[in-house]
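Protein chains in written order, with this note's numbering: chain A, 1 to 100; chain B, 1 to 248.
Okay, derived cross-link-like pairs now, DMTMM-like style, lysine to aspartate or glutamate, Cα gap no bigger than 20 Å in a straight line:
| hint | chain 1 | residue 1 | chain 2 | residue 2 |
| --- | --- | --- | --- | --- |
| 1 | A | 45 | A | 77 |
| 2 | A | 45 | B | 153 |
| 3 | B | 78 | B | 43 |
| 4 | A | 45 | A | 23 |
| 5 | A | 45 | B | 113 |
| 6 | A | 45 | B | 62 |
| 7 | B | 78 | B | 45 |
| 8 | A | 45 | A | 82 |
| 9 | B | 78 | B | 44 |
Honestly, the hints are just simulated from the structure, not real lab data. As the structure is a prediction and not an experimental result, all values here were calculated from the model.
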Amino acid sequence: MAVTTRWVAEVRVELRPGIADPEGQTIGAGLRSLGYAVDDVRHGKLMRIAFAADDRDAAEAQLAEMCRRLLANPVMEVATWELTPDPSAEAAADVGVVPR
Amino acid sequence: MTALAGRPRVSIVVFPGTWSERDFAHVAGEVLGWETRLVWHAEEDLGETDAVVLPGGFAHGDHLRTGAIARFSPIMRKVEGFAAAGGPVIGSCNGFQVLTEAGMLPGALLRNDHLEFRCDWQHLRVEHPHSAAAWLGDLEDGALIRLPISHGEGRFIADPATLDELEGSGRVVLRYADEAGEVTADANPNGSERGIAGIVNARGNVLGLMPHPERAAEVEVGGTDGLRLFRSLERWLQAQPAIAERRL
Chain A
1 MAVTTRWVAE VRVELRPGIA DPEGQTIGAG LRSLGYAVDD VRHGKLMRIA
51 FAADDRDAAE AQLAEMCRRL LANPVMEVAT WELTPDPSAE AAADVGVVPR
Chain B
1 MTALAGRPRV SIVVFPGTWS ERDFAHVAGE VLGWETRLVW HAEEDLGETD
51 AVVLPGGFAH GDHLRTGAIA RFSPIMRKVE GFAAAGGPVI GSCNGFQVLT
101 EAGMLPGALL RNDHLEFRCD WQHLRVEHPH SAAAWLGDLE DGALIRLPIS
151 HGEGRFIADP ATLDELEGSG RVVLRYADEA GEVTADANPN GSERGIAGIV
201 NARGNVLGLM PHPERAAEVE VGGTDGLRLF RSLERWLQAQ PAIAERRL
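One chain only, chain B, in its complex shape (with noise of 0.2 Å):
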């Protein structure tokens, strides 16, 4: 394994409405000391970047549906660009809902069961981490998690040919659960099928999650199991060899 030579580099898209991009700037440059960059979605260039974070918030007012117009923002080409080289990209929250309209992840996510906007902890299920290895490999398969999340549209939902692929493939890796680790209704904050809280592409490089690993990451605000992710990120990102050697 070839040691990452520099601190990660973190370039985190701000579209208008965006407001979790402060948060994991914070977590990454403050808390973790890497170099962060807030990357304006009408710019044309990503810069030079280990991984790219789609934050939480409300894209472009989430006009006509969550997501469908940040779609369209010049720096989602690169963004793309950055995906299909095999970069790590992890959308949160509305960024989840920016990467299936994006058609980067499949499914969509509609007007959580109950109407109500849901600001909360909650436990998650740890499924195939390392099928999402970059941001999930330092996790083990059944762990129990415990995030904040904070949406009003969270339920995914996909036909059942596409679902029971995704199950099939091990690109579920994260399911609402309660304090036991059981996925039930109950549990189920919004409605979502078949629990789905969070889901990778079939490359494994682009994570779409509707809880906030930003906003846990400091025992000061509750928990830190956030931080696993980032941890993650870093120790994934120091066993590539190519991005190392670039960096030395």
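Just chain A, with the same shape it has in the complex (with noise of 0.2 Å):
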């Protein structure tokens, strides 16, 4: 029987290079007017996904199809992520296999 593993992926999505992003030069502008020297902001998102897959080949394969097919837009955003396994204990007696 296959061990379940289970992972966290932070997954960032960013607008691409040139695309313009008005929230990051409304950031920017805040930062700027408390005194911060700040020459460009690029704001985007951070998605924390917690997954099963029975090895990190596997875990990274499953998260390029999940960038690709729903979590970034790829006309308009770039994705990138880290993977590591799940460090919580809750998660390790969810699935009850993991050996010790």
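Fit chain to chain and form the complex, with the hints in mind.
Take a look at the structure:
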């Protein structure tokens, strides 16, 4: 029986370079008004996704597919991510098959 | 030309959060006397229909991106099939966003450049109406019309090659203009590339536009230019022998 492993991915979705980001510009204006020498702000989204995959390769493949199919629109966005094994004990208890 | 035997039949798709479906149904059903059907997004059948409307609103709360979740609603497979068979489809406002997310039209719609929600009357210049004959066939090239806009995320973008291809093939059919019909930065309500307010697919049957034709179909609400899109559709349907004959 395959051992199910829990993973947590932090997926960052940002507008493609060159696409105007008025929200980022507004945030930058706010920081400058507070006195910071801010040249540029680009804003984006962070999604923390907990999921199951047999191993790292499978997890990476799933993430790439999630980004392509739903999380980012390639016309305007780029997705990057960091993948780590789920550190929470609750997650291990939920699955019940993680060897210790 | 064969006359359309019956009244036009239009299916209006309703996603959770759609808000313009009853305005479309009012114009099609009450003002024009067409057969109208509201189709819930979870349904898997459009029914017998001559045209499909994806109305404005906030489908699935616009979560993640506008139109991103709606694209996966079960009914969208049928909408794609209807369009692939040449059936006329219009996506207004949120419906336009759904069409781009579904890949049925190129480009994407982003937050307005000034970050404000904009609800106003807007002049639009019609270009290449015969590229979208089913929806704009009654309008003349260069015509100036006036329709309401009502959106926070209407900034149309695409890469320069796609924009050039759209323009080169006459598929940019509506642009934001001023009262004189000039396409200027000041007349652009959301920062759309090249003032683009509406585009059509290569086949010419799928129109996406940010403005709301259904909100300008009676004198009492301030204008009737939107009715010209509905009239265009009726005339186009009458000219389609296949559609006309199956109604006899």
